[in-house]
Amino acid sequence: MSYVGFVGRNLLRNPLRLALTLLAGAVGVTAFIFLSTVVDLFYSKARAAQVDRLIVRNKVSFTQPLPLSYAARIAALPGVTAVTHEEYFGGTLGDTRKDFFANFSVDPQTFLEVFPEFVAPPQQLAAFRGDPCGALVGETLARRFGWKPGDRVTLKGQFYPGDWTFNVRGIYTGAHPGVNTAALMFGYRCINESDRLAPSLKDKAGIYAVRVDDPARSAEVAAAIDHLFDNSPFPTKTESEKSFQLGFVAMTSAIVTAVKGVSSVVLLIILLVIGNTLAMGVRERTRDLATLRALGFRPRTVVALVMAESAVIGLCSAALGVTAAPVLVRLFAKLIAARLGTLPEHLTRGHTLWVSALAAVAVSLLAGVGPALRAVRLPVAEGLRKVA
Amino acid sequence: MVPLFYNARSLWARRVSTGLTVVGLGLVVFVFSSVLMLAHGIESALASGGDPSNVVVLRKGATSELVSGIEQEAVRILSTDSQVASGPDGLPLVAGERVALLTLPGGRARSMSTTARGISAESFAARPEVRIVSGRRPRPGTNEVVLGRSLVGTSPEAGLGGALTFAGQRWPVVGVIAARGGAFESEVWADALRLGAAFGREDFSSAVVRLRSPVEVDAFVKRVEANPRFTLEARPEPAYWADQGSGLATFIRVLGLFVSLVFSVGAVLGAMITMYAQVATRVAELGMLRAVGFRRRSVLASVVVESAMLGAAGGVLGALGALATRWIHIRTLNFQTFAAVSFGFSPTPAILLGALLFGTAMGILGGLLPALRAARLSILDALRA
Chain A
0 MSYVGFVGRN LLRNPLRLAL TLLAGAVGVT AFIFLSTVVD LFYSKARAAQ VDRLIVRNKV
60 SFTQPLPLSY AARIAALPGV TAVTHEEYFG GTLGDTRKDF FANFSVDPQT FLEVFPEFVA
120 PPQQLAAFRG DPCGALVGET LARRFGWKPG DRVTLKGQFY PGDWTFNVRG IYTGAHPGVN
180 TAALMFGYRC INESDRLAPS LKDKAGIYAV RVDDPARSAE VAAAIDHLFD NSPFPTKTES
240 EKSFQLGFVA MTSAIVTAVK GVSSVVLLII LLVIGNTLAM GVRERTRDLA TLRALGFRPR
300 TVVALVMAES AVIGLCSAAL GVTAAPVLVR LFAKLIAARL GTLPEHLTRG HTLWVSALAA
360 VAVSLLAGVG PALRAVRLPV AEGLRKVA
Chain B
0 MVPLFYNARS LWARRVSTGL TVVGLGLVVF VFSSVLMLAH GIESALASGG DPSNVVVLRK
60 GATSELVSGI EQEAVRILST DSQVASGPDG LPLVAGERVA LLTLPGGRAR SMSTTARGIS
120 AESFAARPEV RIVSGRRPRP GTNEVVLGRS LVGTSPEAGL GGALTFAGQR WPVVGVIAAR
180 GGAFESEVWA DALRLGAAFG REDFSSAVVR LRSPVEVDAF VKRVEANPRF TLEARPEPAY
240 WADQGSGLAT FIRVLGLFVS LVFSVGAVLG AMITMYAQVA TRVAELGMLR AVGFRRRSVL
300 ASVVVESAML GAAGGVLGAL GALATRWIHI RTLNFQTFAA VSFGFSPTPA ILLGALLFGT
360 AMGILGGLLP ALRAARLSIL DALRA
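One line per chain: the protein sequences are A and B, in this order.
For reference, each letter of the first sequence is one residue, going 0 to 387 in numbering that gives the first Met the number 0.
For reference, each letter of the second sequence is one residue, going 0 to 384 in numbering that gives the first Met the number 0.
Take these hints with a grain of salt, some might be off.
Claimed, not checked - Short derived list, chain B residues pointing at chain A, Cβ under 8 angstroms:
no., residue
1, Gly60
2, Ala166
3, Glu201
4, Val264
To be verified - Computed footprint of chain A on chain B, listed as stretches where at least three residues anywhere in the stretch have a Cβ under 8 angstroms from a Cβ of chain A:
no., region
5, 24–36
6, 89–102
What the hints assert, rightly or not - Below, computed lysine to aspartate or glutamate pairings styled on EDC-like, alpha-carbon distance capped at 20 angstroms:
no., chain 1, residue 1, chain 2, residue 2
7, B, Lys221, B, Asp80
8, B, Lys59, A, Asp162
9, B, Lys59, A, Asp98
10, A, Lys155, B, Glu224
Hints are computed from structural coordinates only; laboratory data are not their basis.
All values reported here derive from a predicted model rather than from experimental measurement.
Glycine included, each C-beta is placed from N, C-alpha and C at the ideal position.
Please model the complete structure; the sequences and the hints are all you need to start from.
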């Protein structure tokens, strides 16, 4: 009998136990992928950040506004190729936050120059630019509420009191999977030029996004921007888009750390279940293994046989888990959409699946070490005598 | 019934396998209970920031103080209501407050977004739960600030005698406040006028109104909403704060329970593997039990009980582990308010009991099928094995 056949026979010695172990392993892999996806979600904006983009915010806090007049002054700096501004609007569909999704007021003329990853048909973009109250809606969000171009959407303002109605002019998709397609953007003039707006809120921008010609010089440009407004009533803080986004991740780091911690617990549980199964198997087969050694098989061959078993268990669990996890993650995203906002499509990254599968195999190999050593440590004579 | 010590001893006889299973079950229970403790911690941290006699008045439709705005005139009108309590100086306890977010340098080079509250003369009197633990109150009309207790030490300057720098000005810290673990402990309190000037804000964000008694709250809320002179809405202070944390608490609870659920499937399978093995290796023993007169259902119960013991042990282990997290303190961003909240794991008897039951339930579930197999064995086959 070949080694492969031998390992296969050993595994199938107790099919029920094998099935249970594989299932438990798969459940663990699924949970691990799920948690990694949650962590990914926190980092998704930082990952989608472009190296040639800077974010300018008010030095006091990102919720304090900046004057709209800064745009022209920033644009005039050397090294700056495009400037746009956006402001978090935070409007809700109903009276509560139940139907929460992200919405921003942007400058339609310059927005896509700085954020080219938001893609929409040219005629829709033209319509968006032409309508002061036009809105651009991400495809995920549009699907959730069944919106199409021409529809009207009314949001209740939070920072801006009252109801604001926007016309959906276009549906955008992302140029790559990292783009958030669950947001709504509308022209800032719709609000800024409204006579309902309090004078203190007029001509304000939340943040500026700046595109530079040479990423290597971005630190220099950032310093130049901050220097420009150093002595104004609204000093700025400019940083790369990545470090701006990582700042948010850092503020929620306690949660990210907790999720990562739980992920390690998952691996530990897989380790325990698989280790336990293998240990049982080896204990029951002490006599068989001793016989092998008595026949002249080297200890390392015996170890390799046990390790091969654990590798097979790990691989099968990983395969099952990798198949099941994306389905589960999508189900979860649907469940929480109403409460915590729409999540982008393609949540689970290929990278995450690979890492999880490798982790599962590594953990099951680790689980095999103890039983394998146990199998060869016992003197052959004693092993043969043993009745398990 | 098969005596319990038989099960206890057979578990002990297979210490390694039993131990691994108990640790696996324990880890699941640990995650389950610490998640519930965390969600409860957030809720109690925010919910305790409110007095049942107090009402928070915001602009209609505003979900938090940060996005709300009310005029000074409205604050004056509110203070003429007959049910408003009076302070020691005889003035009505209505405090207009201004709220802004600042970014304070945090520990380990991390910056944290923190709520700055511009307070009026009546703010302290309207909130008896807020007390000065060291130093003194800020003098009106100065840049002096008091810090919430959980902010102390987050940066070298964040402490009594230090001075914060924001909005281009220096703000000396003259005191530290505590508020029974509530949200105010994560805030910076400064004079409303000075803060308003620094942030270019003329209106108040909100008004806190203290009523003569908690029973007046509902009627007052209705009067505010019916008053045609302004478009404001009032909410009981505890309800307001509980709502501010609901998103974060829900996030943690949903995520945690979902994971625990997935986990528990794995752990039940683990327990099942162990119990099947137990039954398989004890076939002769179980046959003997039947032969000496124990009934099938006794054997079934015996195996289930053994598995339940396994689960209960995991439950105890997990609950103890979760209790150990009491000393961990967490500071994170509340997505809903963009301000930091500080909270801990707060255990309740219900959560601990739930953890034990959860562990035991997993054990019983895992033991059920193996127990059926054990009970179905025929005496003859079992004894021959």
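For each hint, the structure was consulted:
A distance limit of 8 angstroms between C-beta atoms decides the matter here; for Gly60 (chain B) the minimum to chain A is near 6 angstroms, and the interface restraint holds. Checking Ala166 (chain B) against chain A by beta carbon gives a least distance of about 5 angstroms; that is within 8 angstroms, so the hint holds. About 7 angstroms separates the beta-carbon of Glu201 (chain B) from the nearest beta-carbon of chain A, less than 8 angstroms, and the hint is met. Checking Val264 (chain B) against chain A: minimum C-beta separation of about 5 angstroms stays under 8 angstroms; hint holds.
Residue count for the region 24–36 of chain B with a Cβ under 8 angstroms from a Cβ of chain A: 4. That meets the three needed, and the coverage hint holds. Only residues whose C-beta sits within less than 8 angstroms of a C-beta in chain A count toward coverage, and the region 89–102 of chain B has 4 of them, enough to reach three; the restraint holds. Only pairs whose Cα atoms come within 20 angstroms are accepted, and Lys221 (chain B) paired with Asp80 (chain B) is accepted, the gap being roughly 12 angstroms. Proposed proximity of Lys59 (chain B) and Asp162 (chain A) is supported: the alpha carbons are some 12 angstroms apart, at most 20 angstroms.
For the suggested pair Lys59 (chain B) and Asp98 (chain A), the alpha carbons sit about 19 angstroms apart, so the restraint of at most 20 angstroms is met. Pair hint Lys155 (chain A) plus Glu224 (chain B) holds up; C-alpha atoms about 18 angstroms apart against a cutoff of 20 angstroms.
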